[in-house]
Amino acid sequence: MSKAAVTSPSFSFSRRLGAGVEVLIACLSVLALVVMVNYLAVRHYWRKDFSASQRWTLSPRTLKVLESLPAGVKVLVYYHQDDRLYSEVTDLLREYAARNPRLRLELVDPNRQPVEANLARTRYNLAALNQRNLILFDCNGKIKTVYQQDLGDYDLEPTAELSETGQTVFRRRAKNFKGEQLFTSALIHVISPRVLKAYFVQGHGEHDPASTDEIMGYSKFAHLLRENGLETATLTLFGTAEIPNDCHLLIIAGPRTPLTQDELEKIARYLNQGGRLMVFLNYRSFGRSLNLESLMAAWGVMVGERFALDPANATPTSQFQDLVVPITEPHAVTRPLLMGSAHLLLPRVVSAIKSSGRAAETLKVDEILHTSNEGILVKDVENGRPVINPASNPRGRFSLMVAVEKGAVPGVRAERGSTRLIVGGDSMFLSNQLIESRNNRDLGGHCLNWLVDQTYLLAGIEPRPLQEYRLDLTRRQLLTLNALLLGALPGSVLLLGTLVWLRRRK
Amino acid sequence: MRAYLLLVRREMGTFFVSWTGYMVIAAVLFIMGLSFAGILQALNTEPLTLTLNELFYESVAFWLVLLVATPVITMRLFAQEKQTGTFETLMTTPVSDLQVVLAKFTAALLFYACMWLPLIVITLALRHYTRQPAAVDLGALSGAMGGVFLIGMLYVAIGCLASALTRSQVIAAMLSFVAGLAIFLAGYLAYAVPPQLGWPHAVLNQMNLYQHLQDFSRGVVDTRAVVFCLSTTFLFLFLTLRAVESRRWK
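From first to last, the protein sequence lines stand for chains A and B. Numbering-wise (this note's numbering), the first sequence opens with residue 1 and increments by one. Numbering-wise (this note's numbering), the second sequence opens with residue 1001 and increments by one.
FYI, nobody ran anything at the bench for these hints, they're computed from the structure. Given the structure is predicted, the values throughout are model-derived calculations rather than measurements. Cβ coordinates follow ideal geometry from the N, Cα and C atoms, glycine included. Any given hint could turn out to be false.
Stated by the list, open to error - Between beta-carbon pairs, the in silico distance windows are: (1) A:R43 / B:Y1191: 14 to 24 Å; (2) A:R43 / B:W1019: 27 to 37 Å; (3) A:R284 / B:E1046: 49 to 59 Å; (4) B:A1125 / A:A32: 41 to 51 Å; (5) A:L162 / B:P1200: 52 to 62 Å; (6) A:P158 / B:P1200: 23 to 33 Å.
Let's have the full structure, built from the sequences with the hints guiding it.
What follows is the structure, given as structure tokens:
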């Protein structure tokens, strides 16, 4: 036997095993180090937007709100991916979540995730909201919903296309994105222990928010108020009762009998303190003075005695009592609903008084809903049906709803903020019978959100202008660019490669 | 240091004196061109709210290039040398294993960076055609390039490890592609795992390269993304070094 054969190997199995274990330990140590570094990085990070447009920079106010978020704030984005503003919404909320991981973001596209969408619909009763897209903020059961219509300011832009009749086709273009304002406001709302309260004035035959009556009941509107974070209560102003301090919104919906002078004084005091009031009149008070007319006149609103009808826009089955009016005014209340419509029943004319007694610079009165130019003013009703007399009834475009805002007076701070009113000629559009018709529900929601709007608390968060990019290349220019991109650039690199190869071959 | 620079130069030379380097760059340019041709067509049809940068990095083309080109670039780094027998010769020269690994990594990374350079030129040229300077935000463009470089570091490091583990270039490329794809898909899972699950979501979110690149392409720099890319690059390079050193005790 040779000497080499009996000698044990210099790199024995045990040595190799030892070296292998050593390497394994070293690798696991480095892996642990990497995990720890990433753990620390997730907990303590720095994020900065270096773009020139600063599109992804959140306002200091939003950052402060995000810092103070408690655990358990959830944001449900129930939104169709193909719909307008989807990427703006999700990107902005991802930025929120990136700033504070305690904010849990759940994206649900009803088309692509039917199971999750069904769960969300059941959990939050989304079916009742009748909304295609929404963003829901939930903090331990306190909920605030932001609707797609509120997210942007839109305008109509002419396109190059022509309709069959040869008219220019317009498209709806989003000008601004108000996501940050609305989302931060919703977050403040859900994490704040403060509860907003809406009071329904009762005692004059008004609609009852607790009533589920299919025609006159207001239970569905009361539900809408709760969805928007407002608790509802009823209130009688007889005797010594005053409007409570916690009243954030006073609603007078369809009174049939006149209000007393004492009641009117209480309402006037409330308004002067910066109160928010929603007044909707009703055909049942026709021919009677409700005394509200004088109070409204003091705030620049004229309540007419007649009904406004619009036979061209009445539903086919009605006797011209109802009208479907297009929403065309770019007011904050109606702008999200542009090109939509409201379904009203025998509305009284409510219009702005051009020269109000109040300082014109502080009182802003806007008419926000009109009949078409074919509207008719009617003063006679027989058996619940309007009597139309083409010879004597005035025709034209009549205002049906008005929004009033009293701007802040320098140096004066009202207890409740700045006064806001919405006065409408019809209360039935929010009744259980009509609230689901056309855009009535949305209009009601926008009215109350505008009235209890607290975005003045969010000074510094401005809507972001939405920039659109486009090319106007001719077919020839497009072909040239394609040829450069697909042919010339890769081809020139290959040519260079060939030259190098040829040179090396020589 | 001198030995390291010499090795880098040698490695870079192998990319540019052979057909491989030019073929890779030409293929990448062609895929980029396809993507931009689509973007041009879309922008010429209707106005879009996304910038050119965002449109490109959200496209399949970018990820296709990243996932396929990096294995092709890195597959030959160690595997070819092992196959041809030049690896042992290299290792007998007075250079450390660390220098060899770092030099090959640097060279592959530099080539990867060269591969993306035409993207800057194409983007700036298209900016001219949109006649809207905001369509290409220079801050966002710099952020995007930084993001592409950082993610490239990770993928090149993965490729180095795969190449160090085998003698076959094809296996190295396959290993690298699968590992890269797995990391990409794991990050993508973050969208499917609900945040309520806690740490699994947090882990996947940290691995979400798509989200990290989206941030970079908007000009948003987040230290979480930077730390993830740098730390995982370090991990894979460390593993590569151990794989190279393993010849001494295997």
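Violations among the numbered hints, reported as their numbers in ascending order
Structure breaks hints 2, 6.
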